[in-house]
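Using the sequences and the accompanying hints, generate a full structural model.
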Amino acid sequence: MKECVFAGFGGQGVLTVGLLISQMATYKDYHATWIPQYGSAMRGGTANCTVKFGEGYIYNPSQDEPDILLAMNNPSLVKFLPLVKPGGTIVVNSDLVDSEINTRKDINLVEIPCLTLAKEMDHPRGANVIMAGAIVKLSGDFTEREAIDGMNDMFRKKGKEKYKELNTKALSIGYNYI
Amino acid sequence: MKECVFAGFGGQGVLTVGLLISQMATYKDYHATWIPQYGSAMRGGTANCTVKFGEGYIYNPSQDEPDILLAMNNPSLVKFLPLVKPGGTIVVNSDLVDSEINTRKDINLVEIPCLTLAKEMDHPRGANVIMAGAIVKLSGDFTEREAIDGMNDMFRKKGKEKYKELNTKALSIGYNYI
Amino acid sequence: MSKSKKVPYLVDRPMSFCPGCGHGIAIRLVAECLEELGQADNIVFPIGVGCSSLLGGGIEADRLHCSHGRAGAVATAIKRCNPNNVVISYQGDGDAYSIGIGETTSAAYRNERFTTIIINNTNYGMTGGQMSNTTLPNQKTNTSVYGRDCSVTGNPIRFPELAADQFNVGYAARGSVHDVPNIRKTKSYIKKAIEMQLSGEGYSVVEVLSPCPTNWKMEPLEAMKHIAEHVTTYFPLGEFVEKEEK
Amino acid sequence: MSKSKKVPYLVDRPMSFCPGCGHGIAIRLVAECLEELGQADNIVFPIGVGCSSLLGGGIEADRLHCSHGRAGAVATAIKRCNPNNVVISYQGDGDAYSIGIGETTSAAYRNERFTTIIINNTNYGMTGGQMSNTTLPNQKTNTSVYGRDCSVTGNPIRFPELAADQFNVGYAARGSVHDVPNIRKTKSYIKKAIEMQLSGEGYSVVEVLSPCPTNWKMEPLEAMKHIAEHVTTYFPLGEFVEKEEK
Amino acid sequence: MPKVMTKPERCKQCGLCVDACPKQAISFGDGINAGGYNYTVIDESKCIACGMCYTICPDGVFEVLGEK
Amino acid sequence: MPKVMTKPERCKQCGLCVDACPKQAISFGDGINAGGYNYTVIDESKCIACGMCYTICPDGVFEVLGEK
Amino acid sequence: MADMMKGNVAIAEAAIRAGARLYAGYPITPSTEIMEYMSWRMAEVDGVFVQAESEIAGINMIIGGAACGVRAITASSGPGISLKQEGMTTLSDEELPAVVVNMVRYGNGIGTLYSAQCDYHRETRGGGNGDYRCIVLCPSSVQEATELMVLAFDLAEKYRMVSVFMSEGALGQMMEPCELPEMRELPRYPWGFDGKYTNKKVGIFDRNSRDEAVLLNEKYNAVKENEQRWESIDVEDADYVLVAYGLPGRASIGAAKELRAEGYKVGMIRVITAWPFPEKAFQEVNPNVKGFITIEANATGQLIDDVALTALRTIDKKVQCYCRPHVYGIPSVKAIKQDFIDVVNGNMKEVY
Amino acid sequence: MADMMKGNVAIAEAAIRAGARLYAGYPITPSTEIMEYMSWRMAEVDGVFVQAESEIAGINMIIGGAACGVRAITASSGPGISLKQEGMTTLSDEELPAVVVNMVRYGNGIGTLYSAQCDYHRETRGGGNGDYRCIVLCPSSVQEATELMVLAFDLAEKYRMVSVFMSEGALGQMMEPCELPEMRELPRYPWGFDGKYTNKKVGIFDRNSRDEAVLLNEKYNAVKENEQRWESIDVEDADYVLVAYGLPGRASIGAAKELRAEGYKVGMIRVITAWPFPEKAFQEVNPNVKGFITIEANATGQLIDDVALTALRTIDKKVQCYCRPHVYGIPSVKAIKQDFIDVVNGNMKEVY
Ligand SMILES: Cc1ncc(C[n+]2csc(CCOP(=O)(O)OP(=O)(O)O)c2C)c(N)n1
Ligand SMILES: Cc1ncc(C[n+]2csc(CCOP(=O)(O)OP(=O)(O)O)c2C)c(N)n1
Ligand code: SF4
Ligand code: SF4
Ligand code: SF4
Ligand code: SF4
Ligand code: SF4
Ligand code: SF4
Ligand SMILES: [Mg+2]
Ligand SMILES: [Mg+2]
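Chains as they are written, first to last, in my numbering: chain A, 1 to 178; chain B, 1 to 178; chain C, 1 to 246; chain D, 1 to 246; chain E, 1 to 68; chain F, 1 to 68; chain G, 1 to 352; chain H, 1 to 352.
Worth double-checking, as some hints may not be accurate.
Negatives, chain C to chain D, calculated, CB over 10 Å [as the list claims (entries may be wrong)]:
{"hint": "1", "residue": "Y9"}
{"hint": "2", "residue": "Q139"}
{"hint": "3", "residue": "K225"}
{"hint": "4", "residue": "T232"}
Footprint (simulated), chain D over chain F, 3 or more residues, beta carbon under 8 Å [unchecked claim]:
{"hint": "5", "segment": "37-47"}
{"hint": "6", "segment": "60-67"}
It should be emphasised that the hints constitute simulated quantities derived from the structure, not laboratory data. Here the structure is a predicted model, which means the values were calculated and not measured. No residue lacks a Cβ here, since even glycine has one placed at the ideal position from N, Cα and C.
Printed below as a string of structure tokens:
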């Protein structure tokens, strides 16, 4: 079972990244849970969610000890850094996050300039999908194909197919950035 | 311990008779409880209360098995007749109550034309006090003096002294009617 | 010779109100209107808590004893679920204007398509005569023993006026049952209110000034006179709004 | 050169409202008025549930987080127990006009001597943007996804008008914070309301039209423009009653 | 044929009908009903079947047998 | 002496002051505060200490140092 | 010689003498006389009386007054108390002391006017959201009612909790001789609002729930340790112990005494604080007791759970617990004796 | 392959498919999405949606709809459910079926938004006046939530009772793969109002309380007998049995399995019907069990009472009952295992 935490400012699409990963897992017939932090804390502008997936039943869907942390901004890194499992992976949005904040030696820090990458590919709202691609790769649980199919399946069901190509590309960029 | 039930139409002053007897008992340092039937049944026009008094503590203040029943109208006699303790006493307002209703042989039925008596003494609202006098005598627990003092003490405290003489007379009439 | 008059079967049974209580007249008027409009077998009554509760055994029709003050909400749902039934909430002034002021105004606000009849006897009758939001200035009740002091308790509320002025309701009126002409006029108001409901145009409310001889500590006739002489001076009779039917 | 302007200490700390939210302006106006009237250390705030709740850490003064909608009742008791304190209930439109409609109208009805400030942002902001009793016709919210249908949900309620017309209140007005002139005018209303309370003459209420950029899904400036162009057409600005001081 | 029929068991002796009858045709008789009330009786000779008693009675005592 | 003092840590980048300033004296700088917002900066040379920014700002960012 | 006094009047006057200076409420039978009395009496002591538009407004006025440091009280019954649940949990959460009188009437929903004990579970566990507890005081006579009213205010103040004064409707309606408590002249609670933010601990919004949970449990444990009240007779050697409260409790004492006199080894615990439940009373019970029997005036039996749970904590072995719910009213001494006989004869099945 | 679905959305859609045709309520986090979903979805199935002015109006609208024979549902949380207590006892009294969803959030009073289990006592015993009970269903996954929603309507209908759907706030917010139940096309309940007084048993006012009390107990006994639901593992030979419900129950199963794997003789009962409490689950427990341990997300421990009472009825000897309230949130599998170790090591005192 893998546990991932996705955290950032409200507008950075972290809840969607989480949902994407969970949907990919479901698409692969894994068990999966997605759970957001909710409530008036939203107003502070930060958002995060926890996704767990794997072959076995997920007994505790809530945040516990993440294997993977996505930190899209500094406050998120500060907040979740202590929770990450020893040996775990932290993916940071290096366009915004100051990696100096990281004080842990027992984790694997991956820096991805997702805003830059998104700008480059002319899909500025795709930064989160790029990160999803990276995480898919880092998790080792999905092939690129599986990830893309899972994602497109989800967007299609939500009636959001129009960005299909752009999103596919963004995911690949993230996947292959690793 | 004695248990008395006082019952009649709303306007017949039965709650006051009950209170009178209980206050006389208190005046004599007896334990005493007074408990009315309350609630929207009032609208039917009937009222009743239960008074218990005696030297010992009263464990159950509520209606149980009355030693004495005052029935100021027919419905009251019908309702409470079956409850009266074998050997108990029923005092009826014979101006209104049809004694034929009584089917019990094991009780002592006392008929008092209290409305007539009250009219005769020119104190039409004193019918209930007359009945109180009769019940005092029948109970055997108070002397005429004790009863009068207890009653007057109560009316005085309630600021209703103006009928003192009439009420004293009414009580005596009832007391001596027995 | 005038027309024959028979108590409609909806309410043709003994009522347990006090002698001379106006509730008995008011509910009969409602029944007469329903009968005349052919709706006597198409009626649901959400009934308030108060002496209205005594109607439990008084009317033979679909009826629900609502929690105190909540008939406005209950009626909302009944009418929305059963739009083809005539729905009439029958409530007292305490029920509708004190504890139920939220539900009563909200139903009027939403312009729910049912009818509310409010028996205004200027006090909480059922509980033995306490001040209500329609108690007259200086009126003595068990919670205004020296007479109602409006400077701290407010002036009597005039709900039909409020509904007519502030909300988009269909019909609002105030009648009285203190004498035969007023009883007849009140009946015409109730009828219009039900007709408004039948037309589907909107919320309708009729407040009925009604005597509570028991708690007013008056003889029934005296109570009727009291309405004519005093109660109506605070609570003007008449119609306050009548929407055009489309 | 104009007068110096400094945020009153009562509210001189970070607020946790969303960017461009009108709550921050409104509460500052209240604090300014209190300061100018010499009442900044003589104030108790019963605060409603809603984005008003975010004031918990925002103001340094006696303040009580009331249950949703009940600030009108809480304020009644506070003012009666502490008649020499200025008591201001600070509530949202949902709090004051939906769940709290009973308490709000009852306080106005009794003419309680406190002041109510109601932030009307035409929706339930705190819970993420549902329809409220002030949602504009056709406005889309999370519970009116196709736009508000007034034929079944009612027309936006106008409470200051209702209080002014139906009850014997001291002062009722509606302001807006959508631009500087209106902010200044709104401040003058709030000041008059507090003065009314100080005079002991009666209940005072100021409704403040306020943007909720987050749930309106608008940029802050756009939200301000929306108030000017649309919200004020349903909610006229101005004073509706101002009792003569004795 | 009587002009007015009554259900005396319902009468609560409030007196409203006695007052309302334009012909003074209603009075309290000697009878007492189960509720303990002196119920009303009608003097048919005076009655004009106007229906006032029906209209004012809160307890549904009257039925007026006028035109259908 | 500056005419306006600011508390940049409170700014939420709503832009209301930028719009309200009659002299276009306010703009967003490059700095980012702890909340993640680009906060406002004032061009003192343009500012006339009119106080509009103080009045419109929902977050108490401004203090205008006009006449006392 | 004390005068006959109506329960509700004695309760109201005792509250005044205990220092109550705010009454806000809405009438409901059989509690209304308390409000009616307060409507004129409060002014005489310079207190505040508000006839609220509803029970909800009433309890929220109590919140407002209590936050100002005023001793505040409201009374109701049946559905009226149900409407106060949100306010009662809010009082508890804000640690505002207050007294809520429930003159219990029988029935679910709109209910009836009969005197009963059907709200035991709710009052002892809280019908509002969350984990709060209220002190629950149950008088069995008019005299005791006046004394418990003073205690209700004192405990509410000491622990900054709500005291629920839970009595059967009949106690409010009945009259008994009664000596009223002394009139106290008390200042307001020192920590109330004064408009100057002198006291920073009332009405604060942001709090740490985990820390508070610890404090909450500590407070409740202190109340459990210190504030149990009961009356018991003959429990040390009893084969069976009757357990009851209020007027049925009073009748049960009578029954227990008569049964003793008839040779049965019967004891009786009359619960005075339904919360904290008088565990200490059970510690005195014969360790070889054969059974506990609750006498209740409700439909389903409610006290029985606390009795079974408390027996579990205090008696080393499993003890049978029986329950005889009498629905409403006050069971007669005779009826209670019969309940006991039914148990002894095996005609009543144990609940636990 | 099922899609990820948000708990509240799944709950709302399941209710529609189970036949719900009236929703009336007032928003409150973390239940609001149910209402938002219903606001547009109800119209699609020709049902009625009313945004009520308050929770009180909401529950009273449910009463009105249910009286018309319509399957009715409302949802709320925290103080919002407190406000519904009068309505819920009224529904119970009138024997009107309805479903009330409580997406439980932590705290007394206004409370917090944290997911919790602090309303257990209230939901299982009723926070309104009187002796009523509601069926209380507690899901532990989004999938189970949809299934229990159908059951909630079916049981409400079968017994003419209120079904309380009690879930932690987190379950409403989380997403999981979920297969929705089939859409059912059900007629209205046959006994509702039709304006013709066809059915004389709805809404009658005057009733005999003593007779009703007997019927009430009979009905509740039937529910207790027939409707217990639970999931349990490894209880037959367990030295210790964990007891929990909802999401903490789900986590406790994980903990029990891991402990078993580590060699501890641990069993687990996950309560699905908090009322009727699954006594039958306890009948299967090892008669020599050493202790029960409840895992709860509240401040004071609430489930523990029912566990102790049920152990008393089902296990022949006194068994220790332990309780570890985790205040709010979902305790992690690790934390629960630690709770168990604390018990075994004597570091946790028993409650009973
Ligand atoms: C929730 C609740 N609160 C209080 C009561 C008690 N109560 C019953 S009727 C009533 C007042 C009724 O007054 P009104 O509505 O004016 O009706 P009336 O009896 O005067 O016709 C009250 C307060 C109740 N039954 N339920
Ligand atoms: C009894 C209760 N019901 C519902 C809620 C949930 N709730 C919190 S704030 C709110 C609406 C607030 O809207 P409004 O009063 O307009 O304030 P705003 O946030 O828009 O400023 C609701 C429904 C609650 N906290 N308590
Ligand atoms: S108390 Fe008043 S309103 Fe109620 S039945 Fe009697 S007279 Fe009528
Ligand atoms: S949600 Fe709306 S009202 Fe609430 S803080 Fe944000 S902008 Fe302001
Ligand atoms: S019908 Fe007219 S005349 Fe005849 S008794 Fe009745 S009121 Fe009198
Ligand atoms: S009006 Fe009716 S109840 Fe009253 S006296 Fe006449 S017949 Fe009797
Ligand atoms: S004081 Fe006036 S000119 Fe200066 S920055 Fe502010 S708004 Fe602009
Ligand atoms: S108005 Fe205030 S918060 Fe908004 S941008 Fe300007 S300084 Fe920042
Ligand atoms: Mg009334
Ligand atoms: Mg709002």
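Consistency of the hints with the structure:
1. Y9: holds, 35 Å
2. Q139: The assertion about Q139 (chain C) holds, with a minimum of 16 Å to chain D.
3. K225: Holds, since 28 Å exceeds 10 Å.
4. T232: Fine: 19 Å to the nearest Cβ keeps T232 (chain C) off the interface.
5. 37-47: Check failed, 1 qualifying residues.
6. 60-67: Three-residue rule met by the segment 60-67 of chain F, so holds; n is 7.
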